[in-house]
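**Student:** Using the sequences plus the hints, can you model the full thing?
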Amino acid sequence: MGRQIAHRLLISIPALVGVLFLCFCLMQVVPSDPAMIIAGPDAKKETVDAIRKDLGLDRPIPIQFFDYIVRVAQGDLGRSIISNKKVIEELSQTVGPTVELMLGAMLLAVPIGMALGTLAAVNRGSIVDRIIMAFSVAGVSMPVFFIGLILIQYVGFKWALLPFTGREGPVWAGGLPSLILPAVTLGAVLIGPISRLTRTAVLEVLGADFVRTARAKGLRETAVIVHHALRNALIPVVTLIGLQAAFLLGGAVVTETMFAWPGVGRLAVGAIVSSDFPTAQGAIMILAMAFLLINLIVDVLYVFLDPRVQRG
Amino acid sequence: MTVTAASDLPAEPAQRETSHRAHVLRRLFRDKIAFGAAIVLASVALAAIFAPWIAPHDPYLTDLSKVMQPPSEQHWFGTDNTGRDILSRIIFGARNTLMMGLCGVLIGGLLGGTLGILAAFYRRADGYIMRVVDIMLAFPAILIGLAVAAIFGAGLTAVLIALVVSDIPGVARVARGSAMGVMGQEFMEAGRAVGVSDFTLIWRYLTLNCISTIFVYLTLRFGQTILIGSALGFLGMGAQPPTAELGMMAAQGRDFLFMAPHIATIPSLAIFVIVLAANLLGDALRDVLDPRLQT
Chain A
1 MGRQIAHRLL ISIPALVGVL FLCFCLMQVV PSDPAMIIAG PDAKKETVDA
51 IRKDLGLDRP IPIQFFDYIV RVAQGDLGRS IISNKKVIEE LSQTVGPTVE
101 LMLGAMLLAV PIGMALGTLA AVNRGSIVDR IIMAFSVAGV SMPVFFIGLI
151 LIQYVGFKWA LLPFTGREGP VWAGGLPSLI LPAVTLGAVL IGPISRLTRT
201 AVLEVLGADF VRTARAKGLR ETAVIVHHAL RNALIPVVTL IGLQAAFLLG
251 GAVVTETMFA WPGVGRLAVG AIVSSDFPTA QGAIMILAMA FLLINLIVDV
301 LYVFLDPRVQ RG
Chain B
1 MTVTAASDLP AEPAQRETSH RAHVLRRLFR DKIAFGAAIV LASVALAAIF
51 APWIAPHDPY LTDLSKVMQP PSEQHWFGTD NTGRDILSRI IFGARNTLMM
101 GLCGVLIGGL LGGTLGILAA FYRRADGYIM RVVDIMLAFP AILIGLAVAA
151 IFGAGLTAVL IALVVSDIPG VARVARGSAM GVMGQEFMEA GRAVGVSDFT
201 LIWRYLTLNC ISTIFVYLTL RFGQTILIGS ALGFLGMGAQ PPTAELGMMA
251 AQGRDFLFMA PHIATIPSLA IFVIVLAANL LGDALRDVLD PRLQT
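Quick mapping for you: the protein sequence lines, in order, are chains A and B. Residue numbers for the first sequence follow the numbering used here, so the first one is 1 and each next one is one higher. Residue numbers for the second sequence follow the numbering used here, so the first one is 1 and each next one is one higher.
In short, the hints are calculated from the structure, not lab data. Possibly wrong hints are sitting among the right ones.
As the list claims (entries may be wrong) - Restraint-style ranges between C-beta atoms, simulated for each label pair:
1) B/HIS23 with A/GLU168: 58 to 68 Å
2) B/ASP63 with A/LEU176: 30 to 40 Å
3) A/SER274 with B/LEU110: 53 to 63 Å
4) A/LEU243 with B/GLY36: 26 to 36 Å
5) A/GLU221 with B/GLY153: 26 to 36 Å
6) A/ALA208 with B/ARG27: 22 to 32 Å
7) B/LEU61 with A/ASP49: 45 to 55 Å
8) A/LEU176 with B/SER72: 19 to 29 Å
9) A/ILE5 with B/GLY153: 37 to 47 Å
What you are looking at is a predicted structure, and each value in this text was computed from that prediction instead of being measured. The C-beta atom is built at its ideal place from N, Cα and C for all residues, glycine as well.
**Tutor:** In structure tokens, the structure reads:
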């Protein structure tokens, strides 16, 4: 198993370098010369050159890229142009809320999606199956912000049931109410694909020999479905969650922006809108790395869930 | 991958093309849902194409005496915060949104398809091409959109680049899988044996046999591509005001959600209808043309 995980880690290195290079490019295209900005408008050419040399801007691009990687590894992502705070500090404040939002959405979407998918599979062809599948196609076709807009308008504003702007603190410190609407918005988008795939996976497993054996030895239908079918159907579902990570991340950016949730996505959007390149670069990097990490975790989980992968 | 590659694609004789096409259409339209979806999509597309003639009002004409009016006889979908007719803006917005989705899927499909087919044909390049594709797959589309918008500035071009880049890896994988199946067929070997040039082999023997699989995959991607594009529009990375684009219109209406909810909800609903129709049609098309692509 260790070898599998090591192999997977090795594969993510080129992707990581790709992410870093993209972020490095982001720093390169800052429309104005950073040295000029630091030196001020009336500075002499020699001063600008000196600053440029000081910043390492006169060296070839590959070396600058290498320096950049070293700096990133040391946690130095530069300073925000707007707030003049260190980017790494701004990021460290926003990562928590984003993780919280994503976990909340998953905790909601995975059980509901799997339950609906199993229900549809067990009642294949019936009206229940049709309704659930119609619901899931509708869910897949729904823009994230549509669900959010409706929730804000009704649950948040008209009925005033839950807060809909900002975060009132961590979940364990009374922040739960403010998490609910964003998490439901983000989770709702995931229910469709998860239920759809669970249905396919359960249907496939229900036809398998070991399910017939389980039935033949007189197990109750619930036991057959929960212990035998669903457990084996977990593998494709876990893979799907990995694939949905991109979806989840994109959705999180939109959700955070809508609900003024102080996460990385909102930081990134705000930084881009206000041309705060260092912050934008840092936020995009963190989001991309989070994505790589989720996929890595999913692959490792995969090894645990399906012993066949280990041997293969 | 949700989409399993077709590894045993049978080669379809070209002379049966027309009867085959008629058969596909007949089967497709026996499916009432697919038929309805096709009609919805076709009407939206027609409205978008003929927008200047169909739109009842000028989508950019502001009228401060008619601000934020709810739907009425004169303005079917009401007016927005500057008194512009929302229906007309939706029609023009659908034009940009559809165009964005279509260009994204077509350009992405062309580039991705070429990469995938070349990877299957030139086995030596396979490893390199697919590694690049894997790295591209590592970037969520919204993130690419944010990065591109940060580098080149927000606008429809930025969104388009993001959509193309996000569509390439999936298409490349599907095309490669499908092409690998065709590569194993005898007629490929026969073609090589009689000295057919690489170009003809790739185009007439390989590509034409993979095209229906790629086409089905692209139809399935179309809805997703529009969703991503409109999400980027919603975040302000896409079309800039006063240009009408559905995602951006929803974002603008957000500020007036409590006074005039229709400004934000109607464009969102329009996106939902377009994507739903595209997804239903794509599903039906897949069932008829290429059931192996089933998730």
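**Student:** Next step is simple, just say for each hint if it's right about the structure.
**Tutor:** Evaluated hints:
1. B/HIS23 with A/GLU168: 58 to 68 Å: Cβ of B/HIS23 to Cβ of A/GLU168: about 60 Å, so the range 58 to 68 Å holds.
2. B/ASP63 with A/LEU176: 30 to 40 Å: Distance hint for B/ASP63, A/LEU176 is violated at roughly 45 Å.
3. A/SER274 with B/LEU110: 53 to 63 Å: violated, 36 Å
4. A/LEU243 with B/GLY36: 26 to 36 Å: The hinted range 26 to 36 Å holds for A/LEU243 and B/GLY36, with Cβ atoms some 29 Å apart.
5. A/GLU221 with B/GLY153: 26 to 36 Å: violated, 59 Å
6. A/ALA208 with B/ARG27: 22 to 32 Å: holds, 30 Å
7. B/LEU61 with A/ASP49: 45 to 55 Å: holds, 54 Å
8. A/LEU176 with B/SER72: 19 to 29 Å: violated, 42 Å
9. A/ILE5 with B/GLY153: 37 to 47 Å: About 41 Å separates the Cβ atoms of A/ILE5 and B/GLY153, which means 37 to 47 Å holds.
Checked against the numbered hints given earlier, this structure breaks hints 2, 3, 5 and 8; the rest are met.
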